[in-house]
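Visitor: Residue numbers (our numbering), protein chains in the order written: chain E, 1 to 158; chain W, 1 to 201.
Nothing false has been slipped in among the hints.
To give an idea of the chain W side of the interface with chain E (calculated C-beta under 8 Å), a few residues:
{"#": "1", "residue": "Ser14"}
{"#": "2", "residue": "Ala22"}
{"#": "3", "residue": "Pro24"}
{"#": "4", "residue": "Ile28"}
{"#": "5", "residue": "Ser77"}
{"#": "6", "residue": "Tyr79"}
{"#": "7", "residue": "Asn109"}
{"#": "8", "residue": "Thr111"}
{"#": "9", "residue": "Phe113"}
Derived by calculation from the structure, the hints in this document are not laboratory data.
It should be emphasised that the depicted structure is a prediction, and the values quoted were computed from it without experimental measurement.
Note that CB positions come from ideal geometry on N, CA and C, so glycine has one too.
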Amino acid sequence: MHVSKLFVVSIMLLVLSSQFLVAASFAGASEDTAASALANAEESIVLAYQATLNAEEAGANVSGLLVRLNEAGQLLASAQIEYRLDDFEKANELSESSKSIAEEVQNAAVNLKDSALSESAQRMLSTMVASVLGVASIALVSLYAWYLLKKRCGSTGF
Amino acid sequence: MNFEAYRGWFIVGSLVLMLAAAAPTLAIFIHLPNGSEKFSELWLLGPGHKAEDYPFNIASNHNYSLFLGVGNHLGYSAYYLVEVKFRDQTQPAPNSFNRISSSLPSLFNITAFVTDEGTWELPLTFSFDFEYNEALTQVNLLNVTLNDFSFDMRNQTIMWDSRNNGFLGSLFFELWIYDTATSSFRYHERFVGLWFNMTSS
Chain E
1 MHVSKLFVVS IMLLVLSSQF LVAASFAGAS EDTAASALAN AEESIVLAYQ
51 ATLNAEEAGA NVSGLLVRLN EAGQLLASAQ IEYRLDDFEK ANELSESSKS
101 IAEEVQNAAV NLKDSALSES AQRMLSTMVA SVLGVASIAL VSLYAWYLLK
151 KRCGSTGF
Chain W
1 MNFEAYRGWF IVGSLVLMLA AAAPTLAIFI HLPNGSEKFS ELWLLGPGHK
51 AEDYPFNIAS NHNYSLFLGV GNHLGYSAYY LVEVKFRDQT QPAPNSFNRI
101 SSSLPSLFNI TAFVTDEGTW ELPLTFSFDF EYNEALTQVN LLNVTLNDFS
151 FDMRNQTIMW DSRNNGFLGS LFFELWIYDT ATSSFRYHER FVGLWFNMTS
201 S
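Full structure from sequences and hints, please.
Guide: Written out as structure tokens, the structure reads:
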């Protein structure tokens, strides 16, 4: 009788302690997940910024991308605060939103860079063609004008 | 008058016109250095969006507002970080001569992406929760709230300053910039801040 009671009490204690252990391990995982999400969001923002700088160097207008990057930055700052306040669930959620915006910006920046480069190449080509035609036309007109003037002055004795 | 005497002028005139026609193409390949100075601005404005009426006498748990701004004149879009810090008169401030930031930990970080020749501004609302010790010689800070986020300040105390007749503490903002060469933020040698007298309750 005593043995069976002891057995039941032991089982109950085991069940209770296992619940605490599971809860503790979930809390730990949540903190780790939030920390990892924060690091990922920070990295995504940096990558998006570098892609934006590349697009800007290629001549693209990046003001719209920077507005979105500011949104991602604000979300990341809020996530960092929630993490410090031990609200890992919220920190994780905000980090994911921030990362998602940053990735969207990075893709848009790559597309903007490509279109800016092709536009720039086209503009460069048309500028060079116009310049070559302009220089050639001026040279030809000058030579012809010189020839005409020489002929006219020669005939009038100037 | 000999027509041949004008030949030189005629050639020079033609060459000038040809150079003018070639200028757009030359501009693509020849980049002249831009003489303008590269710098960033950091400012703090009072509640009326002017450099006046800054809060000084601070009451516990009352809201005060400021405007924090950053201007970019670096020639490219910049990624800034503003570290918000608090110190009393004994704690280290940023040093303009040695160009170093304060070693105090940041309460709150604000990031800003600013286009070249663009500005960025953030309205700030803050409040301090504090209490005096029994002898009224020390203020114990409990927390600071900045734009609806509260930060624990229980380790921060401010001693009575008999020379200035107050409990003086400074909220200051350091500007950092993301450096793509080192892939990290570096102190951008700019800071702004305000001193507060925590005597009103």
